[in-house]
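Number of protein chains: 4
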Amino acid sequence: MTAPKKVVLAYSGGLDTSIILKWLQTEYGCEVITFTADLGQGEELEPARQKAELLGIKPENIHIDDLREEFVRDFVFPMFRANALYEGLYLLGTSIARPLISKRLVEIAREHGADAVAHGATGKGNDQVRFELSCYALDPNIRVIAPWREWDLSSRTKLIEFAEQHQIPIARDKRGEAPFSVDANLLHTSSEGKALEDPAVEAPDYVYQRTANPEDAPDQPEHIEITFTRGDATAINGQEMSPATILTALNEYGRKHGIGRLDFVENRFVGMKSRGIYETPGGTILLEAHRGIEQITLDAGAGHLKDSLMPRYAELIYNGFWFSPEREMLQAAIDKSQEHVTGTVRLKLYKGSVHTVGRWSEHSLYSEAHVTFEDDAGAYDQKDAAGFIRLNALRLKLLAARNGRV
Amino acid sequence: MTAPKKVVLAYSGGLDTSIILKWLQTEYGCEVITFTADLGQGEELEPARQKAELLGIKPENIHIDDLREEFVRDFVFPMFRANALYEGLYLLGTSIARPLISKRLVEIAREHGADAVAHGATGKGNDQVRFELSCYALDPNIRVIAPWREWDLSSRTKLIEFAEQHQIPIARDKRGEAPFSVDANLLHTSSEGKALEDPAVEAPDYVYQRTANPEDAPDQPEHIEITFTRGDATAINGQEMSPATILTALNEYGRKHGIGRLDFVENRFVGMKSRGIYETPGGTILLEAHRGIEQITLDAGAGHLKDSLMPRYAELIYNGFWFSPEREMLQAAIDKSQEHVTGTVRLKLYKGSVHTVGRWSEHSLYSEAHVTFEDDAGAYDQKDAAGFIRLNALRLKLLAARNGRV
Amino acid sequence: MTAPKKVVLAYSGGLDTSIILKWLQTEYGCEVITFTADLGQGEELEPARQKAELLGIKPENIHIDDLREEFVRDFVFPMFRANALYEGLYLLGTSIARPLISKRLVEIAREHGADAVAHGATGKGNDQVRFELSCYALDPNIRVIAPWREWDLSSRTKLIEFAEQHQIPIARDKRGEAPFSVDANLLHTSSEGKALEDPAVEAPDYVYQRTANPEDAPDQPEHIEITFTRGDATAINGQEMSPATILTALNEYGRKHGIGRLDFVENRFVGMKSRGIYETPGGTILLEAHRGIEQITLDAGAGHLKDSLMPRYAELIYNGFWFSPEREMLQAAIDKSQEHVTGTVRLKLYKGSVHTVGRWSEHSLYSEAHVTFEDDAGAYDQKDAAGFIRLNALRLKLLAARNGRV
Amino acid sequence: MTAPKKVVLAYSGGLDTSIILKWLQTEYGCEVITFTADLGQGEELEPARQKAELLGIKPENIHIDDLREEFVRDFVFPMFRANALYEGLYLLGTSIARPLISKRLVEIAREHGADAVAHGATGKGNDQVRFELSCYALDPNIRVIAPWREWDLSSRTKLIEFAEQHQIPIARDKRGEAPFSVDANLLHTSSEGKALEDPAVEAPDYVYQRTANPEDAPDQPEHIEITFTRGDATAINGQEMSPATILTALNEYGRKHGIGRLDFVENRFVGMKSRGIYETPGGTILLEAHRGIEQITLDAGAGHLKDSLMPRYAELIYNGFWFSPEREMLQAAIDKSQEHVTGTVRLKLYKGSVHTVGRWSEHSLYSEAHVTFEDDAGAYDQKDAAGFIRLNALRLKLLAARNGRV
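Protein chains in written order, with this note's numbering: chain A, 87 to 492; chain B, 87 to 492; chain C, 87 to 492; chain D, 87 to 492.
If you're looking for bench data, these hints aren't it; they were derived computationally from the structure.
These figures come from a predicted structure and were not determined experimentally.
Misleading hints may appear alongside valid ones.
[As the list claims (entries may be wrong)] Covered by chain D, per the in silico footprint, the following chain C stretches (three or more residues, Cβ under 8 Å):
{"#": "1", "region": "284–296"}
{"#": "2", "region": "473–485"}
[As the list claims (entries may be wrong)] Simulated DEER-style distance windows between Cβ atoms:
{"#": "3", "chain 1": "B", "residue 1": "A465", "chain 2": "C", "residue 2": "N489", "range": "33 to 41 Å"}
{"#": "4", "chain 1": "B", "residue 1": "M327", "chain 2": "D", "residue 2": "A463", "range": "31 to 39 Å"}
{"#": "5", "chain 1": "D", "residue 1": "V492", "chain 2": "A", "residue 2": "D160", "range": "53 to 61 Å"}
Just so you know, even glycine gets a beta-carbon here, dropped at the ideal spot from N, CA and C.
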């Protein structure tokens with residue numbers, strides 16, 4: 087395969103992607119364009135610009151974008167409409183960020199006439215799959231370079247040597263091995279690998295970077311109210327906010343009360359099990375609240391269909407198929423269900439847990455007139471239940487008679 | 087329809103089923119056989135016997151059975167193998183008890199040559215459906231009498247009058263209206279109706295009868311270890327116990343730490359939404375633990391299939407179709423998956439929440455050799471990922487090319 | 087319940103609905119509005135008008151609508167986008183007509199300020215459910231009258247007596263029992279009941295009214311080409327036609343070649359099995375053709391998702407839930423998948439069967455460059471398959487190792 | 087990677103696998119063990135033995151097994167219990183044979199202490215995946231060699247040269263290119279590639295090798311009766327036969343009447359679309375018959391669950407996951423449903439089509455007493471339907487009221 091001429095690199099400014107940057111230049115002799123996204127990971131981005139310049143990237147080849155609103159509005163919120171959980175528990179915080187980064191990589195490649203993009207994900211994980219499936223789905227002719235699968239810098243020592251050879255500055259604390267690997271964005275922080283690799287051993291508290299230890303959280307519960315409009319959160323305690331602002335605020339509530347910690351062993355798409363420590367403070371609150379508002383505004387038939395589609399939807403996102411026809415089909419179904427998911431949920435936050443304690447809506451389907459233990463003024467005729475049960479039972483009776491007969 | 091001659095009544099010993107007992111006698115002139123089950127609801131059963139005798143039931147017509155072990159072994163545990171949650175959150179504590187009660191009603195009817203059974207569920211709820219579908223599935227010729235759908239005792243006043251007319255003793259505290267209705271068994275306690283009917287209003291703390299308020303729970307977390315064998319819990323902290331004993335012990339852990347409270351609005355099978363307050367202390371711990379052990383012992387393909395079947399399985403149980411061919415088919419699939427779900431989970435209990443913090447098993451599928459960030463000694467060839475991704479991407483590329491072409 | 091004042095009756099002009107018309111007048115003393123739809127059942131509608139007038143219906147209360155285009159465009163075609171088959175074989179010809187009739191009943195009721203609608207379906211079948219669920223979903227306050235469930239005209243003799251008493255003209259051939267019951271519309275003709283009730287006995291050829299006996303069909307096969315645009319048939323042999331015109335033309339092809347006969351035992355929603363003889367000549371051709379065009383224009387992921395959703399979609403239509411949120415959610419997903427289902431299919435019709443023998447499209451995803459046994463000029467690297475397989479196998483290997491170990 | 091020492095080769099005796107045999111010997115210097123299976127492909131196997139001997143394989147290293155009964159009993163029949171169709175139409179004739187061949191490859195490897203197996207499938211198709219996933223699932227340490235992905239014999243010319251160099255006899259008709267590629271076993275014959283690569287062009291009649299052209303089939307229909315026992319065919323016209331004998335007999339019926347031809351474009355697991363011509367004469371009859379007997383013996387709930395699981399089950403088999411926990415889970419569910427699928431189906435075979443025209447069983451759930459249009463003697467109370475419909479409608483009414491309100 088011929089060498090690429092221009093490559094857009096997903097660049098964090100950290101040591102690893104700086105090494106990749108330099109490796110692309112030296113290995114291929116290609117022009118490198120850096121792309122650094124603010125997805126709410128909580129780091130300054132200007133140092134990334136300075137470092138890219140230091141490594142010889144032309145200013146017009148340095149892209150730094152604040153994607154927080156797009157991230158929450160077009161990726162996080164649509165996913166939360168589905169109440170998506172991978173393998174019952176994981177809120178997909180890393181998975182949902184990859185398609186957006188890929189989308190921008192491909193867009194920037196088009197702007198610059200670049201023939202390739204590159205990412206810093208390893209050959210063992212899910213992120214390589216997510217980046218590459220997304221890029222190929224958006225541009226079938228793009229080339230994706232995954233240096234970790236190609237180079238021979240297979241140990242920390244070799245990486246450091248390469249960095250030193252190429253005058254890549256190395257932060258003092260990056261010389262040694264990090265005790266585990268971290269990924270963060272506005273939705274979550276994940277920690278995995280190394281010190282966390284034995285799933286039998288409880289993760290030490292210092293692993294958690296984004297949430298208070300519940301034992302240190304306030305001794306008093308706090309109540310908040312989240313308002314939804316057509317399935318998306320639009321206000322907290324009556325105050326309307328943009329999508330990213332709302333998630334930021336919920337993160338702060340979650341952090342304070344130690345909400346959203348998860349110690350999890352999951353099945354990677356590439357076939358192995360891995361253990362991750364996830365912190366999704368705002369997302370955990372948001373999921374509970376969304377379920378709470380759906381409880382009164384969503385029809386049973388719609389809700390049960392959603393529940394049955396959810397595992398597949400979550401698996402698609404986890405596996406990197408955000409930009410696939412089947413995810414879009416499921417999204418169309420899910421979005422259709424959210425037209426009346428509008429109203430307010432009251433939640434109690436306390437030492438690691440969040441619970442719905444009240445919900446109300448003009449769109450409510452809850453009918454006190456029907457459900458009441460009191461006189462229902464004819465809203466419901468209990469005798470109807472006899473026919474309902476008898477016809478539901480008919481096939482079971484025919485079965486029982488048959489099974490008793492033969 | 088002719089009057090039944092002998093009726094087996096699901097009898098709690100309380101005022102309502104005592105009225106039913108007397109109403110059956112007076113309305114139909116039939117012989118009544120009472121059946122009172124110990125499902126772990128936490129009440130003495132001997133008073134039920136005395137009351138039945140007082141109401142004129144012959145001693146040989148009074149059945150009092152301790153069904154706790156059968157309940158947990160044959161109903162609760164099979165259901166937990168599926169990680170069943172109705173509408174994402176509800177652990178099905180009431181639903182799962184009904185089939186067993188029905189099974190005994192039908193068995194006792196056969197022993198006595200009774201031509202009917204009767205239950206005390208109202209015409210608005212799910213329980214009537216669960217009782218009747220189960221009974222019909224077990225005996226297609228049985229007749230089921232649901233007095234609440236038939237009589238005209240439509241107000242509290244009329245019920246009390248009827249009781250007084252028929253010398254049914256009325257406990258002092260039963261004269262007035264209870265503030266809400268309660269159902270309990272070894273798995274859970276539910277409270278609903280009346281004071282709880284407005285889903286916007288937080289349930290007052292006195293509603294919770296089975297769990298400490300998390301704010302009053304111990305300030306120190308507690309760790310426990312649950313061992314599973316082929317999908318069922320078999321030991322706590324290394325001590326083997328019978329199914330009912332284990333659930334009883336987990337209930338005590340849950341009670342102490344305020345675990346398993348749920349304020350929920352659900353969709354009843356009969357078509358309306360209702361609000362319930364559920365307490366499932368031991369079950370909530372058990373679900374978390376079962377998921378924890380599945381994380382390392384269950385294959386991804388098996389797990390994802392289970393996840394996709396679960397909503398339908400839970401709906402079947404909720405709707406009363408325990409004794410249906412489709413529930414049995416799903417059970418066969420689920421049980422097949424549990425053959426290696428054997429191992430131990432370590433959990434942290436603290437102020438309302440339970441989290442897996444470690445899990446280990448001789449049956450583990452977790453391979454540190456594969457997942458490690460360190461040198462994996464050739465266990466995994468990262469270059470395989472390139473082909474894996476390219477073939478997964480092929481259809482997406484063909485799609486993108488097509489969509490760009492037309 | 088008080089008597090209705092104005093009732094809109096789904097009126098065919100036949101004896102049964104004429105009796106219902108008169109019964110409504112005499113039983114309730116209400117004003118009756120008749121609604122007769124042309125859904126392509128192949129009968130003149132003017133006689134229905136004359137008969138209604140004869141029975142005293144005011145001209146302004148007689149509605150006769152040609153709904154054939156709406157029927158095919160808004161009901162049949164959307165359903166065929168899903169390749170819907172109930173229980174693997176039935177093309178839902180009766181089921182899909184009921185929602186449209188119900189929609190017009192409710193609309194006419196609104197126009198006239200009527201407080202009820204009435205239909206002539208019996209209490210054993212699915213149609214009562216389909217009519218009533220549709221009406222209630224479109225107007226929660228409408229009252230639906232089902233005379234067959236209410237009156238005591240329980241035998242043919244009583245019906246004829248009632249007709250004679252009320253001067254309802256009785257066609258000579260309607261005095262006796264019909265040998266079976268027939269329903270027809272542009273999509274299909276169904277025959278069931280009486281002479282067909284024993285599912286062991288082959289239906290005699292005279293039951294089939296809409297298709298040639300394959301043995302009498304032409305000895306030469308015929309080829310036709312159907313063009314689809316976004317999932318819907320839009321032309322035959324290059325000639326564009328409206329939806330109803332296309333289905334009419336396909337019916338003629340199917341009739342001639344004896345295509346679309348089905349002898350079927352199905353599960354009714356009300357709990358019993360029934361046997362029907364269905365003729366769906368054009369629909370059977372259409373289904374084959376739609377599958378043919380999807381084969382080259384629909385992505386695998388989209389197609390497999392569609393296949394997995396189809397049984398539920400078909401069941402919803404069969405059970406009468408066309409106007410339900412879950413059917414609309416599934417429709418949104420299905421419609422999303424059809425954006426590129428555009429192209430032409432070549433079919434061979436011969437003595438009862440229809441087979442796709444060719445298909446082409448500018449939207450085709452079929453890539454001869456990839457699939458060829460010849461040199462593919464690098465379109466596909468066979469070595470990619472090695473990595474693809476190894477990662478798909480990884481979990482199976484880990485399983486096999488585990489299962490061998492314990 | 088080191089060279090394998092002993093390799094078990096799936097050997098047909100044809101030119102391609104003879105070349106592979108020699109290539110393994112020359113490339114790796116390894117001992118080759120041949121395995122040739124009789125799966126009903128209709129070829130003599132002794133020539134394969136002679137050819138293997140000619141190519142220097144020791145007699146004790148030549149395995150020729152008649153697997154026809156095992157194939158039908160343990161693979162084909164379990165699959166037909168599910169009514170499995172891939173992408174709506176394909177009966178999986180090739181897919182279902184691969185796991186059995188793989189099973190024997192692994193068994194023979196164990197017997198001989200071989201460290202590898204080899205197959206002759208190319209790098210573009212599904213069969214490589216099916217062979218390799220099956221082998222790895224049965225022996226995680228086995229090595230699988232796929233010469234087509236490794237060697238440089240990339241053209242017909244090079245293959246013939248290699249054969250001539252190594253004294254591999256070349257049948258006169260094998261020198262040129264075959265016009266298409268064929269695979270056959272007792273269930274089906276597939277033809278694909280080359281002359282069939284354009285999906286727009288009708289396959290010429292000479293492609294079909296296993297079925298009469300319907301136009302040449304008998305002008306008189308033929309009726310046969312198939313008896314099933316617990317879901318499997320056990321007799322034809324009352325005569326009991328073994329599984330392979332039954333399928334052989336049905337193949338002959340199908341061949342004679344031109345039944346089971348399919349021109350199909352499918353989605354391969356490796357990501358591309360391909361076109362195949364399939365002939366499944368006996369299987370097509372068997373599927374129709376199995377559906378026919380299920381119509382009267384299978385409960386609606388069980389049947390609908392089966393229908394919803396089928397697409398996933400078929401996809402698993404197509405993709406090569408026969409030996410996977412999820413296929414086994416689905417099989418457990420499907421097998422559970424077949425306990426009463428016992429009875430007889432009468433079929434009409436005529437010029438390319440097969441239709442059920444009657445079915446009967448002691449296990450029938452069909453109740454003429456319930457379904458009759460005549461007086462049902464109280465078997466069914468039509469008034470029950472009113473309650474059944476009203477409760478099914480309740481949520482739709484609440485929805486309509488809500489949607490009208492906001």
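For each hint, the structure was consulted:
1. 284–296: holds (count 6)
2. 473–485: This one holds; 8 residues, not fewer than the three required, reach chain D with a Cβ under 8 Å.
3. B:A465 / C:N489: 33 to 41 Å: Violated, since A465 (chain B) and N489 (chain C) (Cβ atoms, about 18 Å apart) do not stay within the stated range.
4. B:M327 / D:A463: 31 to 39 Å: violated (54 Å)
5. D:V492 / A:D160: 53 to 61 Å: Violated, since V492 (chain D) and D160 (chain A) (Cβ atoms, about 26 Å apart) do not stay within the stated range.
In summary, the numbered hints that this structure violates are 3, 4, 5.
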